[in-house]
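Visitor: Given chain C, work out where chains Y, D and G should sit, using these hints.
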Amino acid sequence: MTTTTGPLPTRRLILQGAAGVALLGLGNLPFGASLALAAANDKYPDEAFKQKNEADAIKALYGKTAEPSDKVKLDAPEIAENGGVVPISVTTSLDKVTSISFFVAENPFALAASYRIPDGTVAAVANRLKMAKTTNVTAIVEADGKLYSATKEVKVTVGGCGG
Amino acid sequence: MASSIRVRATANGDITEVQALIQHPMDTGLVKDSKGELIPAHYIQQLKFECNGKDVFVADWGTAVSKDPYVKFSFKGAKKGDDLKISWTDNKGGSDTTTAKIA
Amino acid sequence: MKARIHLLLGSLSAALVAFVLTSPRVIAADKVDPVADAKAFQNFFFQKFPNVKHEDFVNGPYSMNEDMKRQWQEKEEFPPYEFALDAGKEMFATPFKNGKTYADCFPNGGIGIRQNYPYFDEKEGKVVTLELALNRCREANGEVPYSYVKDEMASLTAYMAYTSRGKLMDIKIPDDPRALAAFENGKRYFYTRRGQMNFSCASCHVQSPGERIRAEILAPALGILNAMPIYRSEWSGMGTTSRRFVTCNSQTRAVPLEPQADEYRDVEYFLSYVANGLPISGPGARP
Amino acid sequence: MKRSLLLAMLLTLSLAPSARAANEADYKAAYAAAEVASKEAAGMRNQWTVTVSALAAAKKAADGGDFDRATAAAKEAEALAKASIFQATSEKDAWKAMEIR
Numbered sequence: 001m002t003t004t005t006g007p008l009p010t011r012r013l014i015l016q017g018a019a020g021v022a023l024l025g026l027g028n029l030p031f032g033a034s035l036a037l038a039a040a041n042d043k044y045p046d047e048a049f050k051q052k053n054e055a056d057a058i059k060a061l062y063g064k065t066a067e068p069s070d071k072v073k074l075d076a077p078e079i080a081e082n083g084g085v086v087p088i089s090v091t092t093s094l095d096k097v098t099s100i101s102f103f104v105a106e107n108p109f110a111l112a113a114s115y116r117i118p119d120g121t122v123a124a125v126a127n128r129l130k131m132a133k134t135t136n137v138t139a140i141v142e143a144d145g146k147l148y149s150a151t152k153e154v155k156v157t158v159g160g161c162g163g
Numbered sequence: 001m002a003s004s005i006r007v008r009a010t011a012n013g014d015i016t017e018v019q020a021l022i023q024h025p026m027d028t029g030l031v032k033d034s035k036g037e038l039i040p041a042h043y044i045q046q047l048k049f050e051c052n053g054k055d056v057f058v059a060d061w062g063t064a065v066s067k068d069p070y071v072k073f074s075f076k077g078a079k080k081g082d083d084l085k086i087s088w089t090d091n092k093g094g095s096d097t098t099t100a101k102i103a
Numbered sequence: 001m002k003a004r005i006h007l008l009l010g011s012l013s014a015a016l017v018a019f020v021l022t023s024p025r026v027i028a029a030d031k032v033d034p035v036a037d038a039k040a041f042q043n044f045f046f047q048k049f050p051n052v053k054h055e056d057f058v059n060g061p062y063s064m065n066e067d068m069k070r071q072w073q074e075k076e077e078f079p080p081y082e083f084a085l086d087a088g089k090e091m092f093a094t095p096f097k098n099g100k101t102y103a104d105c106f107p108n109g110g111i112g113i114r115q116n117y118p119y120f121d122e123k124e125g126k127v128v129t130l131e132l133a134l135n136r137c138r139e140a141n142g143e144v145p146y147s148y149v150k151d152e153m154a155s156l157t158a159y160m161a162y163t164s165r166g167k168l169m170d171i172k173i174p175d176d177p178r179a180l181a182a183f184e185n186g187k188r189y190f191y192t193r194r195g196q197m198n199f200s201c202a203s204c205h206v207q208s209p210g211e212r213i214r215a216e217i218l219a220p221a222l223g224i225l226n227a228m229p230i231y232r233s234e235w236s237g238m239g240t241t242s243r244r245f246v247t248c249n250s251q252t253r254a255v256p257l258e259p260q261a262d263e264y265r266d267v268e269y270f271l272s273y274v275a276n277g278l279p280i281s282g283p284g285a286r287p
Numbered sequence: 001m002k003r004s005l006l007l008a009m010l011l012t013l014s015l016a017p018s019a020r021a022a023n024e025a026d027y028k029a030a031y032a033a034a035e036v037a038s039k040e041a042a043g044m045r046n047q048w049t050v051t052v053s054a055l056a057a058a059k060k061a062a063d064g065g066d067f068d069r070a071t072a073a074a075k076e077a078e079a080l081a082k083a084s085i086f087q088a089t090s091e092k093d094a095w096k097a098m099e100i101r
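If you read the sequences in order, they're chains C, Y, D and G.
In this text, residue positions in the first sequence follow my numbering: the first is 1, and each later residue adds one.
In this text, residue positions in the second sequence follow my numbering: the first is 1, and each later residue adds one.
In this text, residue positions in the third sequence follow my numbering: the first is 1, and each later residue adds one.
In this text, residue positions in the fourth sequence follow my numbering: the first is 1, and each later residue adds one.
Bound-form chain C, shown alone (with noise of 0.2 Å):
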């Protein structure tokens, strides 16, 4: 795998620190959440991939709340062959989408992956997540400002017999 360490990803990489220790130093003043708001800017949203649960997760992403819409079809396996590849997909029939983003309720973490969808760009998104036991999986779109979501459990257990 190369690691190539030009001169462009080492500036994006002191801007990223930059911000990120000016987000930190804000700690969690009204102004930080406002930053997280401003959500399609180039920034990696460390803040949200931090949080445990997934109601601050979804809070530092997005910065409000999302409802359950059945125009946002999440596809996710009834059992998973293997916790550590499940195969997840989303598509939605909503239009001005901006953003679409994976949650695992009980993953240590619980934003898992969170895709910035640009206009002209379909609104689906198809990846492999890692899961860490039985839980629920849920799709958040942002669409025209406003939030869905739609959830699935998906059951998750080691295999072999055990030896």
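If you're looking for bench data, these hints aren't it; they were derived computationally from the structure.
As the structure is a computational prediction, the values presented were derived from the model and not from experiment.
Each hint should be verified, as a subset may be incorrect.
Among chain Y residues calculated to face chain C with C-beta under 7 Å, some are [stated by the list, open to error]: (1) 45; (2) 46; (3) 56; (4) 57; (5) 58; (6) 59; (7) 60; (8) 61; (9) 65; (10) 66; (11) 71; (12) 74; (13) 75; (14) 76.
A virtual CB, placed ideally from N, CA and C, is assigned to each residue, including glycine.
Guide: Leaving out everything else, chains Y, D and G in the frame of chain C:
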């Protein structure tokens, strides 16, 4: 040297479907090795796809993304032969980038 | 400590009784007849799973369960063994220090021949598997042999399997008493119970394919090696046939033999022969 | 059917634990017997992983001076080794019962 990014981008009509598989351990930092020591967290944090000078897809990843991560999405506004630039950076400052032609 | 022992023995004898009761009714036959054995073996699975297409058996657990098959097909769109495959292709193209390559050791340059392995080597009087032939090729060209259970060997066999995809398994048993003995020895190993769990390969892969052992669906024994080597999500890495045999042993709490021991070579010979006529589907992706 | 009951009985019988506290001599005797049985099982290429770990546990306990636990673990190792020997001998013919004809 083979890049760590495998990508397949196929255009049909105005919609280009993109699949990417990246060779990366995606260590969570919560797992112990055979000697009982914690393997430090090492995971891709950001994966960016650019086409015709515009970001078409940006992924922010946490530690719950599988080893050798895979992602699939589609976007409009590109055609066969356009270049698709893919780049990722991880929490240890590692990175890789590659460019693929849309088939 | 005492209570634990009795608990352990209780579970052992219970497992024993359960499995002896469900074994199919059989009549003893001493003459070794591989052709008849293969026919009986295939018919057993074709009758037990009438609506599984014959060539589907090589997809192991995915031929047994729709939900798992869907997860598998999604993974196959961009399979996790891509990296091993590319590494294998590159290794095949890279000459050894003495300038030779793997292509010089194998018929047809090693391309599209996986379906003939393992074969019975009449000079050596033993079964030679693909993994053994690859290491012997390395040694013959002054290279250090690879571990049978690690990624390098898996990459090589992944590439060779890929070049044979779709070709039908075509294992030959020459008219040589030692070959018949090797086949019989492989069959005996396949049906012999071992380990504290007191399971044989057949306990899982003949008596309960399609059923679950915790999260996993058991694969049918028919065609079980056609997809080798496999990328297993559980190992989050590649697994050669040797690695699969060794881990299966330790799962039943039997101490594994050394990789490529005679017993493993013979059971691979037996399992491959009875799968003659089914397509090669390696490298495979499994739970 | 008969074969499996016999196996279970044999295992329980050979495991009758001695009551009084074990000392180093008891441990050494028990460990030696366990080692013989375990070597025979390995010789038949039918060793169990639990036999190996029981032997290791016995040695570890003995090194720590806890001869009660060490002797018990050695006795368990011997019983497990004997069970694997019984399994190997009985399976010499029993495997045919499962063979697909």
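Visitor: Does each hint fit the structure? Answer for all of them.
Guide: How the hints compare with the structure:
1. 45: Cβ of residue 45 of chain Y sits 5 Å from chain C, so the hint holds.
2. 46: Holds: closest Cβ of chain C sits about 5 Å from residue 46 of chain Y, inside 7 Å.
3. 56: At about 5 Å, which falls below the 7 Å cut-off, the nearest Cβ of chain C leaves the hint on residue 56 of chain Y intact, so it holds.
4. 57: The hint holds - residue 57 of chain Y has a Cβ within 7 Å of chain C, the shortest such distance being about 6 Å.
5. 58: 4 Å, holds
6. 59: OK, holds: residue 59 of chain Y within 7 Å of chain C, min 5 Å.
7. 60: Result: holds, 5 Å to nearest chain C Cβ.
8. 61: 5 Å, holds
9. 65: 6 Å, holds
10. 66: 4 Å, holds
11. 71: 5 Å, holds
12. 74: 4 Å, holds
13. 75: For residue 75 of chain Y, the interface hint holds, since the closest Cβ of chain C sits about 4 Å away, which is under 7 Å.
14. 76: Holds. Min distance 5 Å.
In terms of the numbered hints stated before, the structure departs from none.
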